[in-house]
Amino acid sequence: MMLFPVLYILFAFSVTNGYLEDSWAMFSSERPVGPKCVDIPSNLSICNGIEYTQMRLPNILEHETVSEAIHASKDWESLLRLNCHPDTQRFLCSLFAPVCLMQMDRLILPCKSLCMAVKQGCENRMANYGFPWPEMLSCEKFEDDDMCIKPMQPAKPPAGSSTTCTACSQVATYENLVDQFCRSHLVLKAKVIRDSPTHIRVRNGRSLKKGERRRGVSDVEIRLSSESDGSCPCNIPVKNQNEKLLVMASRQPDGKYLANLVLPWQKEKNFKRAIHQFQRLNCQSLGREIRESASRRPHYYEMRRHNTGRYQMF
Amino acid sequence: MIPRRSCWLILLLNLLNVQSLLDASWWSTVAQLSTALAGHNVKPVCELPGLSPGQAQVCELFKDHMPAVSIGAQNAIQECQRQFTGHRWNCSTHYSTGMLGPIHKMATREAAFTYAILSAGVTHEIGRRCKQGLLTSCGCSDETKPKNVPTDWSWGGCGDNVEYGYKFSRDFIDIREKEHDPKRNHDNGRSLMNRRNNEAGRKILKRHRKPKCKCHGVSGACNMKTCWMQLPSMEQVGKILRNKYDKAIRVQINDRGNLQLLADEATKERKTRALPTDLVFMDDSPDYCRFDRHSGTLGTEGRVCKRGSGGAEGCDSLCCGRGYNTYTQEVKSKCNCKFEWCCKVVCQTCNNVTQVDICK
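Protein chains in written order, with the UniProt record's numbering: chain A, 1 to 314; chain B, 1 to 360.
Calculated from the structure, these hints are not laboratory results.
In this text, all values refer to a predicted model and were calculated from it rather than measured experimentally.
We treat Cβ as the ideally placed atom computed from N, Cα and C, and that holds for glycine.
A couple of the hints might just be wrong.
Over the 12 angstroms line for every Cβ pair with chain B, so calculated as not near, a few chain A residues [as the list claims (entries may be wrong)]:
#1 Asn48
#2 Asn83
#3 Arg90
#4 Lys189
#5 Arg203
Calculated pairs, DSS-like style, for lysine-lysine (alpha carbon to alpha carbon, straight line, at most 27 angstroms) [unchecked claim]:
#6 B/Lys338 - A/Lys119
#7 A/Lys141 - B/Lys338
#8 A/Lys141 - B/Lys210
With the hints as extra help, turn the sequences into a complete structure.
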């Protein structure tokens, strides 16, 4: 007779035990979806070479997937290659692939000063091609505080020396060469002499402007810096006096030339492609062509994924 | 004679206990689904005790949906707790008994809110995962362009698939309320109420969708946009349902087995029927002041309250007049954080001494 109560008590206890066991396992279950860290893929080209490896999703531009961010960032690769400001990559990458830090939830935004610096350097050049500074990059929404990404600190030049001439620190990207070509009155493949701290002299050059092919140019003096009394280093790695350079300059109101770009002549693919393009380039319609080519690209948001199967309960 | 009577009493008590456990653990089971799928549990996925036979079948057919059901339920409970922070009933989980998720043995307006937000949470998560391509049987929303989107903006992208989420949530959750489960007493009124509130949650999600538009390209004026339909966030859903909770409508079961407004309710509100998105309840709420196993209330003992506040979180209200104890608490936290390129955050540690009031 005493056996029955014991059995029932055991039964009740085992039932309770089952639920306790199930409930504790719950704490290791999948966590609710929130912002997350993912590796920056190599085809997010605007961030190649950036000093961090993980990005946060969704990003600052509300892209929810890596592929969406990649697709949207392609519109900005040309701007990056224009090299209109040294911090362009840091700024664009902080928007498309923001720094992801596991220990904290808040977004690391670019500083307003970083945004303004890039805008100041790039806005005019974008406007040349019909692209006003876009709303999505508006600097109004950023703030300068301790938790934002600051502009790059310029390296302090040695005493008695000044910064390298802008014309001599250009990059040989297709976009930059084509852009500089359209803004220059004088475009030469030339041998030059550095005959004063502020000027170079063309010793023997050939014009690359359309319609001016094979026109010989010699004994032209070009100022390196726009600042008065500006003397700046222009350390082109010239092996000997016969090395040829690509020289671009604008004619000033006083009739003299101011250098826009001085680069050694190269056999690199993008360089050759740009040089070849000089003969057929129509600078008046370049902006329109760029805008139209941008518009022709298929948009990420129009690539729909349709149902793979019909919903059926039974 | 005496020993026999005690044997039968113990048996009866255990049976009643089993029934209430099964009922109350329904959403606890849902929360465990992803655990089982993750392999932390030896128990087969679709044989968890809280699932009804029909639900077990759906679970087997749509195994890849179960993590979404679980996460949707968890998100809903989090939002529920956020909406009722500082209130006597705060959507707490009853950890001491090992059961997770709110327990509602009575057909109160709190039960109505809970069922509605859980149903909405599951619908939301399923619809979102369709959009992300995580479920094999569904994809982007098929919806056509609404009239309030400007004609020169394109309609495309990948919208949250609320239609699919709605159907799945309805079929999976409501199937339980339609089945006759021999393990529990068939309470038609409660089942109808649950279905009604589940449907209200789903409908609110559906009715508050709106187009989401994004700029693309290097456009300055953002005149190139593509739009698609997007679900409201769970925060927005919680806010809407909270309003519905405040205006919940009392109903009863009539002779023909249907829900019906109470006579005085109809007179007072001057309406003869409730909106499809209204929450309905049948029982008065307890005061939630004391722990009561029978009614499933946790009580407010040990809750943090706010001294001097006149709102729900104030000590006078939250502690139900029992008073409170004050404790001194020292909290270390990070402060004066700075981001350094590249890439780390450097913080100082600050000590803050605060006082915490806890209900007796």
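Consistency of the hints with the structure:
1. Asn48: A/Asn48 is indeed farther than 12 angstroms from all Cβ atoms of chain B, at 15 angstroms.
2. Asn83: 17 angstroms, holds
3. Arg90: Incorrect as stated: the minimum Cβ-Cβ distance to chain B is 8 angstroms, not above 12 angstroms.
4. Lys189: Non-interface label on A/Lys189 holds, nearest chain B Cβ at 32 angstroms vs cutoff 12 angstroms.
5. Arg203: Holds, because the least Cβ-Cβ distance between A/Arg203 and chain B comes to about 42 angstroms, which exceeds 12 angstroms.
6. B/Lys338 - A/Lys119: 25 angstroms, holds
7. A/Lys141 - B/Lys338: The hint holds at about 20 angstroms.
8. A/Lys141 - B/Lys210: 25 angstroms, holds
In summary, the structure is inconsistent with hint 3 from the numbered list given earlier, while agreeing with all the others.
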